[in-house]
Structures are given as C-alpha cells and as structure tokens.
Amino acid sequence: MTSEIQLAGFGGQGILFAGKVLAYCGMLSDREVSWLPCYGPEMRGGTCNCSVCLSDEPIGSPVVNDPDLLIAMNEPSYTKFIGAVKEGGYAFVDSTLVDSEKLRDDIDEFRVPATRLADENELKGGANIILIGKLIKETGIISMDDIEAAIRKIVPAKKAQLIENNLRAIRLGYEYSE
Amino acid sequence: MSNERMLMKGNEALAEAAVRAGCKCYFGYPITPQTEIAAYMSKRMPRCGGVFLQAESEIAAINMVYGAAATGVRAMTSSSSPGISLKSEGISYAAGCDLPCVIVNVQRGGPGLGGIQPAQSDYYLATKAGGHGDFSVIVYAPSSVQEMADFAVKAFDMADKYRMPVMILSDGLLGQMMEPVVFPEIKNNEPEKDWACTGHNNQRRHNVVNSLYLKPEELEQSNIERFKKYDTIKQELPEAETYLTEDAEIIVTGYGAAARIARSAVNAARAEGIKAGLIRPITLWPFPEKAYADTVDTAKAYLCTELSMGQMIDDVRLATSCRRPVRFFGRTGGVIPTPAEILAQIKLIKEELK
Amino acid sequence: MAVYRKPHSLEDISMHFCPGCTHGIVHRLVCEIIDEMGIEGDTIGICPVGCSVVSYDYFACDMIEAPHGRAPAVATGVKRSRPDRFVFTYQGDGDLAAIGTCETVHAATRGENITVIFINNTIYGMTGGQMAPTTLPGQVTQTTPFGRDPKIAGYPVMVCEMLSQLTGTAYAERVSVDSPAHINAAKKAIRKGFEMQKNNQGFSIIEVLSTCPTNWGLTPEESMERVRKEMIPYYPLGVYKDITAENK
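Protein chains in written order, with this note's numbering: chain A, 1 to 178; chain B, 1 to 354; chain C, 1 to 248.
Bear in mind the hints are in silico, worked out from the structure with no lab data behind them.
It is possible that part of the hints are untrue.
[To be verified] Pairs of lysine-lysine residues, derived as BS3-like cross-links and limited to a Cα-Cα distance of at most 27 Å, are as follows:
#1 C:LYS198 to B:LYS24
#2 A:LYS158 to B:LYS161
#3 A:LYS124 to A:LYS80
#4 A:LYS153 to B:LYS347
#5 B:LYS161 to A:LYS159
#6 B:LYS43 to B:LYS24
#7 B:LYS234 to A:LYS86
#8 C:LYS229 to C:LYS188
#9 B:LYS161 to B:LYS234
#10 A:LYS20 to A:LYS124
#11 B:LYS43 to A:LYS20
[To be verified] Reference listing, derived: stretches of chain B covered by chain C, where coverage requires no fewer than 3 residues with Cβ under 8 Å from a Cβ of chain C:
#12 19–33
#13 63–73
#14 85–93
#15 159–171
#16 194–201
[What the hints assert, rightly or not] Some chain B residues near chain A, calculated using beta-carbon distances under 7 Å:
#17 LEU7
#18 MET177
#19 VAL182
#20 ARG260
#21 ARG331
#22 GLY334
#23 THR338
#24 PRO339
Virtual Cβ for every residue (Gly too), placed ideally from N, Cα, C.
Could you put the whole structure together from the sequences, leaning on the hints where they help?
Next comes the structure, spelled out in structure tokens:
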C-alpha cells in the first residue's frame, strides 16, 4: 500500500517539519518513505508545500501530484490542492484559516480549528501537529507509538519542552471532534 | 560505524558519505539547489580535521580542489548547472594533469540563469563537453538518496584508481528530497600517490603537476596514453540497472530522477499487460552500451525519458546501433514528468507496434 | 671564500627567457632564499600562464602549473591541505591583475599564508606584447597601437596600493631589479615574504618591476633605463604594508 501525502500552507507554519514527522513515522515502521519540499526563492511567508510518500514498495516519483491525503493550512493551499485529492481520499484542513465551503463530497474532509486550538493551549506553532493528530485518528496509517518515537527522534533532546508540546498537540488533534 | 537507517536529504547524505570516504578538503560556492552540501561540510569538516572553505567563485573553488588534489588529498567541490559551466576550465586542467577529484553537479534548469527546479539538461556537459580538449570524466548518476551516499564513496575510489576527475551528476530532486539512507562501510582504497606535490623533503627529484606540452608530438602522446586508460575504463566500469527487460517489448530508459518516474510507469504498464522494462544507466561515462546491446534483439522499441529536451537519447541510439526505434519523452525547465505521462507514451508506442 | 654558483633549488638548465629579461634575476633571488632558508624540500611552488609558464622546469622544489590567473586559488588549496609547507606563486601582471584579480584579492583578504611573487613589466609578453592591466598611459603595445588612452582603455592597476587596503594582507612591497642596490633590496623583500609565511603571518606580495626588451622594442640597457625613468615614477618603490612594522 502507498500513501501519498501533500502538505501545504504558508512558510513558517511548519509544513516541512510536519512532513518530516510523517516521513520519520514511516521509516520507523520499516516502510519506504520519501519527503520532497517545494523549494523557491522566497524564504519566509510565501506559500510552501511538501510531498511525503509512505509505501511498502520502492518509491518511484517522490512528487505527489494526486494525494491520498491532503493537509491544507491556509485558504490558497486549500483551493489549489483540494481538487487533486484522489476520490475516496482525505483532507485535513485548518478551519481557523480556511473559510471556503467544502468543495468535494467524494472525499473525507475534516476541519479542525488547529491554529485556534494551538493558541488556546499555549502551543504556538503547533497547528501543523494538531492536524497530524487528527490524521492519525481518522486514517490509522500511523500508530501513536510511531509518532511519539518520531517526535522524540526529530526534536533535539535538549529541547524536552518541545517534545512534550508536540505530544500534547498530537493528542489535541486526535481527540478533537467537530 | 553506524548501520542505522537515517532520514536525510540527498545533498546531506552525499556530503556525509564524502567525509566518511576520506574527503579532506571541500571548496564550494552557494547555489540552489546544492547549497546544503556546502552548509553540511562547513559544520562537519572542522570536527574531523578536514578543510571547508567557501570560495570567492566557482572558478576559485575548482582551482582550490585542483591545488589540494595536486598535493594528494581527497578533495571535492559541488555546484549546480551554471556553476559547473564556470568550473569547466578547472575540470579540463584536472583531467589534463590526471588529478583525482570529485565534482558534484546537482542539476537545475537552463540554459543561462535558467531556473532552480530539477533538470537533467547537463548530460552533454558532463559526458561530452566538460571543458576544452580531448578528455572525459567518469560520470555517476545516482537515483536515490542511498545512491547519493554510495556513489560519493565510489567516486573517490574511482578517481584515485584511474587518476582522473569523477563527476556525480545528480539533480535538484535527489538533492532536496529525504529518504532513508544507510551509510556504506568504508574500505581504505586510497593508493600511494608518489606523483603528488607534497614537498620532496630532499628525498627525490621534484614532482611537477602540469598539463602544458609545447611540443605537439608530446601532447599527442600524452593524449594517446590517456585514451588507453579510457579504453580500460570502458571495459571495467560501465554499470546499469535493468528491470523487467528480459521479455520486454518496450524498454524505457532514463537515469537519475527520470529513472524513478520511469520505473513507476513501467510497473503501471505491466499492470495493464504491456511488456515494458527499464534500463537505468548508473555510469553515464562510460555509457553502459552492453545493457542496450543485450536487449536489442528482443525489444521492439525504446523510450528515452529525461528531464531535458533530449540528450542521453544520442547515446541510446548509438548503443542500439539504431536497430530499433528510439522515441523520446522529456519535460524540461524544471518541470517533472509524471508516471502517467510516461505511461501514455508507452501506450502510444504499443499502438504503433501493432 | 664565497664562490658564486647557481642555487641548488634552481635547476641547472638553460632558461627560455629573452636576453635582458629580468625573470631570470627574480628566479635566482627566489632560489637563493629557498637555499638560505633550507626549505627546498618543504616548498611547493605554483607557476602561472604567461612568460613564466614553464618555471616548473626551473624551480627544483615540487611545482604545480595553474590555469591562467588561478594561482592564488590553487595555492589556497595547496596550503590548506598542507599547512606545514611553504607555498609561493610566481605570476605576471596579466595573470595576477587581469584574469586573476578576483583570486588575488580574495586570497589576500583571507590572509592566506602564502607568498606571491608578482612580475610587473607592463605588458603581455608570451602572447607577443599586448596591453596589460599595468600598461602605462601612453604606452604603445600591439593592442594600444596609438598608446594606451585611459579614456578608452582605463588606467593601470596599482596592485600593491590596492592590496595594502585589505586587512588580510600582511606584507606588500614594490621592488625593482634594475640595479645591484635594487636587486639586494628585492632579495630582502622576498626573504621577508617567506619569513612571514614561516611565522604564519598571512598573505605577502612582492611586486617586482621588470623588463620586457623584446616587446618594448628596446635593448636590455634601454629597458633598464625605462624602468628607472618611466616605471618607478609611476609605480613608486617601497613598503606599502607590513604588519610586523605596525606592531613595533
């Protein structure tokens, strides 16, 4: 089985980091994984997206054109990518920053006010991970054990507080219901 | 040495592998999409007693490599397409002096300033026209982050073995993407370099590293000798991966990033009952002609896929002696073809073959 | 009794330089110093593209021939990989101050611990007498047949003056080899460059005003006269920078 994931938002929302967490999870569960950032001349504030593939087979193209799963963290990303999601796929949308009507009825779209939840819970910058929590809950493509191990692996041990915050963010997303 | 699977960017995996392979000097200049190599080296080299220096230009960087290599240490530079154009002078000199060194090209779109997205439009530059004069460099084409690491080690070993520059021809896709990588075990393959300029310690006559021959007959002889070495390399080094070629009617071929996409297309074609296969050259110079010659009796057509307007296709035609049609499909300027696009081409050829 | 003989580090073969050319004198001075310091076995020289392109045959230490203008970059690679070795470049004006200006300036500003011997004879010799970056205003060359007009061809590059502005430059001196007194002063300057390298003091450059009788269209004697009458007034001799003096 192959899961092709597209993550998109503004630069600075932790799009690349969230993708890296997912790729790490895949690696820890012995799957083939790839992570590919878009890279452009802008450093901050521009649009940003990245492609992650998790698969039981060797991965051909690491470019995700038609994602099985989309994480959209702002309006332009939502409108740009939602049409490409495969029929029967999933979308996880930060409803604090995305106002538009749901555009698809042939996919499972989950709206989570991730940025608001992050602010309310003193998890500044944690909206990306809250959405991943929701993704885990609804798709089951990653286990809670793997995500915890991945976060512990990626966040430097010196920054223990950040590990704790990320794990809290995961749980917030996991437990959120509309 | 750790055998752990690590998730790394291609550029970083290549840099780490180079250090493990004994690269003592790295000289570079920032250019997207290869800058991670320089950034990684700037942190890593001081910790292992190596040299990192940001040069004032690509030209200076390759000449610093030239100087370091002339003293017998393993030295490397990296850049992306426009920067490799600038390094061409130094690469020619290194080839003319038989200096082992490693040059990495993480290709982007061109010509001119072009773009910063992945491309494969420097195939000619790498394999045919790397600078002025009669010479070639060995060219390795990685297709995964793992190979970015593996081929960095191989590049240093082959550079020393044959005393010549080796290029790793990668692209922005492989440089920027992360995949798991396990670093290869390193065997010390560094030979004695009695030709190097290390200071003669009053123990021998002076060594001279030089590519100037003012007498035409001497220059001719030097070129003839070098080409004898190239003949040996053409016997020993060509490498290619073949995938499902034994019964294949349509053989897709491409290197590096293009080969990854082509493989997905081949799988999709097989799923639809089309006998497709893949030849992926690993060495671009010497070109793995045998892999093509071995299939030319059984295959009916070839499809060459590149992230360019079509450059490697010339070598595919030569390797198949033009006995079968060789079609081309490429996207260029930084556009990456999709497996579906390549599958459509395979189907088109299948129709034509009926 | 001292016997005048060829320095050990100067190969005993006949040089290709034209009669009256001062390259030979400068080669000899460098080799005398290498001998006196006893560093022939510890020295790696870099020669340029230009009249001294085949100097690798003359210097008995290990030698590397660099692409045109790139000697300071090549020397950087050598010195960084073998910091315990003496490294010098030997470059002409076209090499150092035209096609290689970038490499020169940056090696200086990095304070590369190398010694640069810079031959300024105001002309491209090897290619047959074209305008150099150091060609004097009014000077006739193959490519300035009516004399160098600064309005068209710009002004000479004053290398010592320019490099002495850089913090990384440790020592810059302009010397001449037109008289025994000047030759002795030149030798002292070259020695100082090597000594400063020995003491890890950074980038040193010794600019030597030289002759090119063939391309100037003068006799050797007239050439020496030209150095005195035309070049020294335009390119004043002296120490432009010396960090050891500033420390005193």
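>> Hint by hint, where does the structure go against what was stated? Just the numbers, ascending.
In response: 2, 4, 5, 7, 15, 19, 21, 22
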